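**Student:** Following the hints, put chain B in place on chain A, whose structure we already have.
Chains as they are written, first to last, in the numbering used here: chain A, 19 to 212; chain B, 19 to 181.
Source of the hints: derived by calculation from the structure; they are not laboratory data.
Since this is a predicted model, take the numbers as computed values, not measurements.
Just so you know, not all the hints are guaranteed correct.
As the list claims (entries may be wrong) - Computed list of lysine-lysine pairs in DSSO-like fashion (alpha-carbon distance at most 27 Å, straight line):
no., chain 1, residue 1, chain 2, residue 2
1, A, LYS24, B, LYS31
2, A, LYS65, A, LYS128
3, A, LYS88, B, LYS31
4, A, LYS65, B, LYS107
5, A, LYS24, A, LYS88
6, B, LYS28, A, LYS88
7, A, LYS65, B, LYS106
8, B, LYS28, A, LYS24
9, A, LYS24, B, LYS43
10, A, LYS24, A, LYS52
11, A, LYS65, A, LYS52
12, B, LYS43, B, LYS107
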Amino acid sequence: MFINWKSREINLKIVYYGPALSGKTTNLQYIHRKMNPSMRGELVSLKTRGDRTLYFDFLQLELGQIASLKPRFNLYTVPGQVCYAKSRELVLQGADGLVFVADSQQQRLKDNLQMVRMMESNLGALGHSLRTMPLVLQCNKRDLPAVAPVSLMRQQLGFNGAPCFESVATEGAGVFDTLKTVINLVVSHAQREL
Amino acid sequence: MRTGLVLPEKLAKQIDCILVELYRKTGAGCVLLADITGQLIGAEGQVQNIDPVLVSALAAGDVAAMAELTRQIGEESPHGSFLHEGEKKSVYLFNVADSFILIVIFQADTPVGLMRLFVRRAAERLHPLTAEFEDLMGSPRQVANTAFSTTLAHELDNIFEGL
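Looking at chain B on its own, in the form it has when it is part of the complex:
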């Protein structure tokens, strides 16, 4: 189980480049990258009334449930992608190296074959970066100075006061 991940700026920029390219090539409403625990890592584009953090959490739940379901029926290598075709918008989830999920929300009239192709290519480019992620997980890093926890505790007192 991962214990923590600190994403350095350089790696964040590399990921953003891949997400931007996928977003532009597919004309998707938005492209998100989440980890398997549901944390949002990167986002490009915006769809009205859609909260990327919430979408990431739900996508992770979906992928985890489907992976377990396929394992239960004896599929050792569960298929890495899930597509929901809606009337107006569709969602495509793509499992990257069993650690991350590429989430694409797009107009339902977009050719699905094209979407699959571009998403697969983006996932191939993300794949080597996942190794860097693995190295970073739980590695010693400065999270925040003591001022952060002290200020946070103070802020919590203010925010929650009287609730």
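This is chain A alone, in the form it adopts within the complex:
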């Protein structure tokens, strides 16, 4: 978080984390497509030729003046492929809140779990923990067959206390509910912490 009292801006960083192909970039693409262009910047993706996220996606939201302050939310995704562990840690630096985008398909439970462990490790390396970081769980791809029950996913991933949304990011279901919730969590957390 960065607050500039001169310009009365509050900058907050929210990172979408999760396994490869779980829908992190799709979340940002949907937000970018649907938001009023005056309230959002360009969606920038640093990706491979195969259209996979290489470093991060970035989207900035500016919601105008609220209670005499100008909040600005910088949304990032991390690359989901296992080999980009270091990149994920770099993107997590300075994060104020996290969205864990889990793939609901039963055969991806192990991948989700592996990525939760990596997230814990990344946060630990940066002096943080899952207990202290505002976090929202998004169970994505609920439209696909053979999805795991949400209660099972929450339990297995260890996110019992975190807000959870079912989503179909390709169609936008649950995308803005997730975003709204993580923004509100981050702001209340900032008020408590500082």
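**Tutor:** What follows is chain B alone, placed relative to chain A:
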């Protein structure tokens, strides 16, 4: 890891002075100061079609990746600056005290040596201010009153309604 930074007006003005001077002396298109996490802290000048917030995020990614790359090859003190020389515009990134990045976008025909000199001097003047930044990080401050979070929640409902 930093947990938050509240930049008081006085410090913001000191930073602006340094950025303005660098901007004027170099004739750059724009001069930005970002922190290592990619947050834009200060800006002077404007370049058409360039979003300073986006440039800050990308510059932070670039510096972080290069720092890690140099560490991997066994360089304990990675070089603090990176230059991209373009056909029309060039970009110079300068790492200030491993906490901040000075970003200068300038016309490609500007002498690079001159640019390096002025940027280095500006970084030296910014350096003592970074200590003040470090003290401010995570220190107890009033972020916003409760009205802010309540109004924000209400605004979010309005903005996101039907999306």
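**Student:** When the hints from earlier in the document are held up against this structure, which numbers fail?
**Tutor:** 10
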